[in-house]
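**Student:** Sequence:
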Amino acid sequence: MTRKFMREAIRLAGRAVRDGTGGPFGAVVVRRGRIVGRGQNTVLADNDPTAHAEVNAIRAACARLRRFRLDDCELYGSCEPCPMCLAAIQWARLRRVHYAATRHDAARAGFDDARFYREVTVAMRQAFRAESLPVFAAWNRKPDKTPY
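Heads up: the sequence shown begins at 1085 in this note's numbering, then just goes up one per residue.
Simulated from the structure, these hints should not be mistaken for lab results.
All the given hints hold, so there is nothing to weed out.
Distance ranges between label pairs, derived from CB positions:
1. D1103 / R1209: 32 to 42 Å
2. K1226 / G1104: 41 to 51 Å
3. A1214 / W1175: 26 to 36 Å
Backbone N, C-alpha and C fix where the C-beta goes; we use that ideal spot for every residue, glycine too.
Please work from the sequences and hints to get the whole structure.
**Tutor:** The structure is reproduced here in structure tokens:
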């Protein structure tokens, strides 16, 4: 089974290159031996830096399964996930990730995410904390909230 799913992820990566939608990345989300979400990189087509194959596959799987937790699913990717995709994978609670090419292979192709693995490089400044706290208090009082 792994071979079939990995080949589909690699096929989607090739399609992204041929279609010009984005970089050479593809991913599928699998549940109980069936693909429930497919994604290819669409960063260029969507003008969206978050439109990575893994994120697109997770979004598709969540929409299809009508839930935001994928803890009974696995992701197959054509390449090792970047830090953003790793965070999305963790938020989705995927139980396992399989990947083909490494981040070092991606770097040799011009996709150097090395600095993102090492550190947060965006300057951050905290402000308006007092104004934001009532929103969290309202969430905590909400009897029908769904924790995630």
